[in-house]
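**Student:** One letter stands for each residue in the lines below.
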Amino acid sequence: MRKLIFGRILSSFFSLAVLIVAVFFLSRLTGDPAALFLPAEATQQMLDNFREQHGLNDPVIVQFGRYVWDLLHLDFGQSLRQARPAIDVVIEGFAWTFQLAAITTVLVTVAAIVIGSLAAYKPGGIFDRFASLVSLIGASAPDFWVAIVAIVIFAVNLAWLPTSGTGTVWHWILPISVLFIRPFGLILQIVRGSMLQSFGSLYVKTARAKGVGNLSIIFIHTLRNAMLPVITVIGDQAASHAERRRRHRDHLRLPRRRQADDRQHSPTRLQRHPRCDHGHCTGHLRHEHPDRYRLCDPRSARPDLRP
Amino acid sequence: MAEHLLDVKNLSVQFHTAGGIVKAVRNISWHLDRGETLAILGESGSGKSVSASAIMNLIDMPPGEITSGEVLFEGRNLLTMPTSERRAINGRRIAMIFQDPLGHLNPVYTVGWQLIETMRIHGIDKAAAEKRALELFTRVGLPQPEAAMHKYPHQFSGGQRQRVMIAMALAMKPDIVIADEPTTALDVTVQAEVLALLAELQRETGMGLLLITHDLGVVAEVADRVVVMNSGEIVETGTPQEVYHNPQHPYTKKLIGAAPGKGAIHDPQGAGKPLLEVKQLVKTYGAFKALKGVSFNLQPGETLAVVGESGSGKSTVARCLLRLEEADSGEAFWKGRDLISMPRKELYGLRRQIQMVFQDPTQSLNPRMSVYDLISEAWVIHPEILPKPKWKERVHELLAQVGLSPEHAKRYPHQFSGGQRQRIAIARALALEPQLIICDEAVSALDVSIQAQVIALLDKLRQELKIAFIFIAHDLPVVRDFADHVMVMKSGEIVEIGTAREIFGNPKQDYTRRLLAAGLDPDPEVQHTRRQEREALPA
Numbered sequence: 244m245r246k247l248i249f250g251r252i253l254s255s256f257f258s259l260a261v262l263i264v265a266v267f268f269l270s271r272l273t274g275d276p277a278a279l280f281l282p283a284e285a286t287q288q289m290l291d292n293f294r295e296q297h298g299l300n301d302p303v304i305v306q307f308g309r310y311v312w313d314l315l316h317l318d319f320g321q322s323l324r325q326a327r328p329a330i331d332v333v334i335e336g337f338a339w340t341f342q343l344a345a346i347t348t349v350l351v352t353v354a355a356i357v358i359g360s361l362a363a364y365k366p367g368g369i370f371d372r373f374a375s376l377v378s379l380i381g382a383s384a385p386d387f388w389v390a391i392v393a394i395v396i397f398a399v400n401l402a403w404l405p406t407s408g409t410g411t412v413w414h415w416i417l418p419i420s421v422l423f424i425r426p427f428g429l430i431l432q433i434v435r436g437s438m439l440q441s442f443g444s445l446y447v448k449t450a451r452a453k454g455v456g457n458l459s460i461i462f463i464h465t466l467r468n469a470m471l472p473v474i475t476v477i478g479d480q481a482a483s484h485a486e487r488r489r490r491h492r493d494h495l496r497l498p499r500r501r502q503a504d505d506r507q508h509s510p511t512r513l514q515r516h517p518r519c520d521h522g523h524c525t526g527h528l529r530h531e532h533p534d535r536y537r538l539c540d541p542r543s544a545r546p547d548l549r550p
Numbered sequence: 217m218a219e220h221l222l223d224v225k226n227l228s229v230q231f232h233t234a235g236g237i238v239k240a241v242r243n244i245s246w247h248l249d250r251g252e253t254l255a256i257l258g259e260s261g262s263g264k265s266v267s268a269s270a271i272m273n274l275i276d277m278p279p280g281e282i283t284s285g286e287v288l289f290e291g292r293n294l295l296t297m298p299t300s301e302r303r304a305i306n307g308r309r310i311a312m313i314f315q316d317p318l319g320h321l322n323p324v325y326t327v328g329w330q331l332i333e334t335m336r337i338h339g340i341d342k343a344a345a346e347k348r349a350l351e352l353f354t355r356v357g358l359p360q361p362e363a364a365m366h367k368y369p370h371q372f373s374g375g376q377r378q379r380v381m382i383a384m385a386l387a388m389k390p391d392i393v394i395a396d397e398p399t400t401a402l403d404v405t406v407q408a409e410v411l412a413l414l415a416e417l418q419r420e421t422g423m424g425l426l427l428i429t430h431d432l433g434v435v436a437e438v439a440d441r442v443v444v445m446n447s448g449e450i451v452e453t454g455t456p457q458e459v460y461h462n463p464q465h466p467y468t469k470k471l472i473g474a475a476p477g478k479g480a481i482h483d484p485q486g487a488g489k490p491l492l493e494v495k496q497l498v499k500t501y502g503a504f505k506a507l508k509g510v511s512f513n514l515q516p517g518e519t520l521a522v523v524g525e526s527g528s529g530k531s532t533v534a535r536c537l538l539r540l541e542e543a544d545s546g547e548a549f550w551k552g553r554d555l556i557s558m559p560r561k562e563l564y565g566l567r568r569q570i571q572m573v574f575q576d577p578t579q580s581l582n583p584r585m586s587v588y589d590l591i592s593e594a595w596v597i598h599p600e601i602l603p604k605p606k607w608k609e610r611v612h613e614l615l616a617q618v619g620l621s622p623e624h625a626k627r628y629p630h631q632f633s634g635g636q637r638q639r640i641a642i643a644r645a646l647a648l649e650p651q652l653i654i655c656d657e658a659v660s661a662l663d664v665s666i667q668a669q670v671i672a673l674l675d676k677l678r679q680e681l682k683i684a685f686i687f688i689a690h691d692l693p694v695v696r697d698f699a700d701h702v703m704v705m706k707s708g709e710i711v712e713i714g715t716a717r718e719i720f721g722n723p724k725q726d727y728t729r730r731l732l733a734a735g736l737d738p739d740p741e742v743q744h745t746r747r748q749e750r751e752a753l754p755a
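Chain order of the listed sequences is A and B. If you're matching positions, the first sequence starts at 244 in the working numbering and goes up one per residue. If you're matching positions, the second sequence starts at 217 in the working numbering and goes up one per residue.
Careful, some of the hints might be misleading.
Mimicking DSS-like on lysine-lysine, the simulated pairs with C-alpha atoms at most 25 Å apart in a straight line are [to be verified]:
id : chain 1 : residue 1 : chain 2 : residue 2
1  : B       : 239       : B       : 470
2  : A       : 448       : B       : 470
3  : B       : 342       : A       : 448
Far from chain A by the CB rule (all over 12 Å, computed), these chain B residues [claimed, not checked]:
id : residue
4  : 276
5  : 278
6  : 288
7  : 325
8  : 333
9  : 369
10 : 396
11 : 417
12 : 431
13 : 473
14 : 562
15 : 585
16 : 605
17 : 726
Which residues of chain B face chain A? A partial, calculated answer using Cβ under 7 Å [claimed, not checked]:
id : residue
18 : 272
19 : 274
20 : 277
21 : 303
22 : 306
23 : 312
24 : 320
25 : 322
26 : 324
27 : 334
28 : 339
29 : 343
FYI, nobody ran anything at the bench for these hints, they're computed from the structure. Quick caveat, the model's predicted, so the values are computed rather than measured. Cβ coordinates follow ideal geometry from the N, Cα and C atoms, glycine included.
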């Protein structure tokens, strides 16, 4: 076990190192940071000052050394736009993103699994057709468009919900609903497909022969076997939530987060922190850490024992 | 008329398929009494499992449909009973054991959990269920029953898994146990143990046992009465003795006639220069020693049968010879050239002389290729065998040789039955004009009557074309009719090797004797004596 953990930590460090190098040098490839960051009418004097202030006159390799040295001291540098520590800006924005992502992912997972499982129990039945139709619409509706339309209808015309800002429960409803739709449609389809396959299994026959009830067959005997592809997709979706959330925030303006976010994604983004991209991390987990799949499938627990 | 425990009357079941309505079971009636073992005997597609599925409410409707009849359990018709009542009967009063215990046990729960669940759904409290589960695992002979409770199905052997299934079926002390091909997937020695356990448990509990099987030997071993089914109809009923010695229906006669192990034993042609000389073949997988130094010779045109239980290394020998797996050490001289150390390129040309026929023709034939493509593909790869203009003629010739007709060339594998598919696989092997064909359990998946036909075909090919065979099998009677030499393997070693006459007439090793004694004979009297002999053998 210790060997395993050690191995995983080592491989994580390797990925992180590659990431740091890539982030640093790729951001330099987009052009002269000073020119990109300052307005076009800035004087040569201003540009020089900017470069001097941020050490951009040094050779790139020296800058990189400084960058890594600071990182090792957990100094993530200053946000160029806000002139305050980058880590604060990120954490502030991340808190919102994380809360939204967590709530949406939980809601989507529960709803998609319950409805998808029930739909698969009687394929072709009324409930299945209805669920499939809804999920198909959900999976194919472009969410940036849904976001705008939702604002127009629910916030502007009907005035039921606020257009932006934070504070009350009402502020959460619109962003969560919009973020919910697409992954719900997609994951429901995956659950349904995976459950259909499991229902055809021989062990379901055994369960029936034992006299197990329908609900127990669906949610105890079949669901756990059907969860592998579902978990894969949920992981992937949770990762892309961060990505989508950013787009939506432009439409559903929760102002503070948006500001923080703009800093993060401004073209020159020179804040000196190794942004651990959410998507990258989850994908990485999925490929590099198959251990968590063992929770689902005990057969993968001791590969060394299998013939 | 006394009431039977279970009475099936005029049952008809049909399935709506893309190809039209299939009448799986037509107007069948049978009954089962307490303490009795009834066997339903039939080949695949005979409808023998369908009536059991109807009793357990396991037929998917649609596409299935019960068109007539009733199933009376203690006088009450199961088919018209509400689902909740049937659920209360399933597992508690009538329980079922299936053919493939690995598939039929849920892979993600421990076997202990699955056993306890059976009792919990029928209203036994947790502590009592746990206690009984432990008793049951001990009773069915699982090693270390306490540890076994916390293990998953994949951590057991096939025989142990079947014991788990039996424990699950017996949990509620049911009145009836339905066993659907319970020993088909098991080795002969394990089969004998499982059948003995079932018989013992039946004596203890007085349950009625319904045994569905294709194996006359199983019928002879345990059945009190037998029902013979063919294409959805009952063709004959009676005691195993009556049915075996005095079959009335032509189908029963054919089935009994096809039972292997009664033909003349072959005698080898005499020694010459061996075609294949294998010396000290060793293969390990990690710490597991699959082959521990196996040596044997094969004469041209001779059949060597390799017999052993699963895990004995018999298939590994074949895989190493064909270099589908790399052996760790050892030599195998094919006409004086060492197959094991031969460079890949040279081996490639040599492969056409050694061909293989696999167990499952459904999986070993590409479903997207027509029979013509499947057979002629060999000549695409080895163009020196036959010029293209002659391909069509030769394909037709080969099909005729394996007992199919030339118009079959245009069809695809799914349009054939299992036996016909195996013939196609043999024709494909013959296309390369090999001198050795390795058959890895080539007839194990086939019905008895088809099995006999395929063996007869192989025998004919051997005589006509002088092809040598390595015939890997777990079934001794099949080997008896076909082999010149027999090699018995266990745990990667050769236990005994000799002519078929020596091995079957005068086995020297205890293991060989045990293996022979564990095989089931279709003749009930012979089987009775054999069982007594087996019980007398040292364990």
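**Student:** Each hint should be assessed against the structure and marked as holding or not.
**Tutor:** Verification of the supplied hints:
1. The suggested pairing of residue 239/B with residue 470/B holds, with an alpha-carbon distance near 23 Å, which does not exceed 25 Å.
2. Between the alpha carbons of residue 448/A and residue 470/B the distance comes to roughly 34 Å, so the proposed pair goes past 25 Å and is violated.
3. The straight-line distance between the Cα atoms of residue 342/B and residue 448/A is roughly 24 Å, inside the 25 Å bound, and the hint therefore holds.
4. Taking the minimum C-beta to C-beta distance to chain A, about 9 Å, the non-interface status of residue 276/B is violated against the 12 Å cut.
5. Taking the minimum C-beta to C-beta distance to chain A, about 10 Å, the non-interface status of residue 278/B is violated against the 12 Å cut.
6. No Cβ of chain A approaches the Cβ of residue 288/B within 12 Å, the least distance being about 19 Å, so the stated non-interface status holds.
7. Distance check for residue 325/B against chain A: the nearest CB is about 8 Å away, which does not clear 12 Å, and the non-interface claim fails.
8. The claim that residue 333/B lies off the interface is violated: its Cβ sits roughly 7 Å from the closest Cβ of chain A, which falls inside the 12 Å cut-off.
9. Remark: the non-interface label on residue 369/B conflicts with the geometry, its nearest Cβ contact in chain A lying 9 Å away (cut-off 12 Å).
10. Chain A draws residue 396/B into its interface by the beta-carbon criterion, the shortest separation being 10 Å against a cut-off of 12 Å.
11. Look at residue 417/B: its CB is around 18 Å from the nearest CB on chain A, clear of 12 Å, so calling it non-interface holds up.
12. With a minimum CB-CB distance of about 21 Å to chain A, residue 431/B clears the 12 Å threshold, and the non-interface call stands.
13. A cut-off of 12 Å between C-beta atoms confirms that residue 473/B is not in contact with chain A; the least separation is 34 Å.
14. Listed as a non-interface residue, residue 562/B keeps its Cβ farther than 12 Å from every Cβ of chain A; the least gap is roughly 31 Å.
15. No Cβ of chain A approaches the Cβ of residue 585/B within 12 Å, the least distance being about 27 Å, so the stated non-interface status holds.
16. No Cβ of chain A approaches the Cβ of residue 605/B within 12 Å, the least distance being about 47 Å, so the stated non-interface status holds.
17. In this structure residue 726/B is separated from chain A by more than 12 Å, as the shortest Cβ-Cβ distance comes to about 27 Å.
18. The criterion of a C-beta within 7 Å of any C-beta in chain A is met by residue 272/B, whose closest approach is roughly 5 Å, and the hint holds.
19. At about 6 Å, the closest approach between the beta carbon of residue 274/B and any beta carbon in chain A falls short of 7 Å, and the interface hint on this residue holds.
20. Hint status for residue 277/B: violated, given a least beta-carbon distance of 12 Å to chain A, over 7 Å.
21. A hinted interface residue such as residue 303/B counts as satisfied when its beta carbon comes closer than 7 Å to some beta carbon of chain A; here the least separation is about 5 Å, so the hint holds.
22. Annotation: interface hint on residue 306/B holds; nearest CB of chain A at approximately 4 Å, less than 7 Å.
23. Interface restraint check for residue 312/B: the shortest CB-CB distance to chain A comes to about 4 Å, inside 7 Å, so the restraint holds.
24. Interface restraint check: residue 320/B against chain A, minimum CB-CB distance 5 Å, threshold 7 Å, status holds.
25. Interface restraint check: residue 322/B against chain A, minimum CB-CB distance 4 Å, threshold 7 Å, status holds.
26. Satisfaction of the interface hint for residue 324/B is found here, the shortest Cβ-Cβ separation to chain A being roughly 5 Å, below the 7 Å cut-off.
27. With a least beta-carbon distance of about 5 Å to chain A, the hint placing residue 334/B at the interface is held under the 7 Å criterion.
28. Here the hint on residue 339/B is broken, as its CB sits about 11 Å from the closest CB of chain A, past 7 Å.
29. Taking 7 Å as the C-beta contact cut-off toward chain A, the hint placing residue 343/B at the interface is violated, the least distance being around 20 Å.
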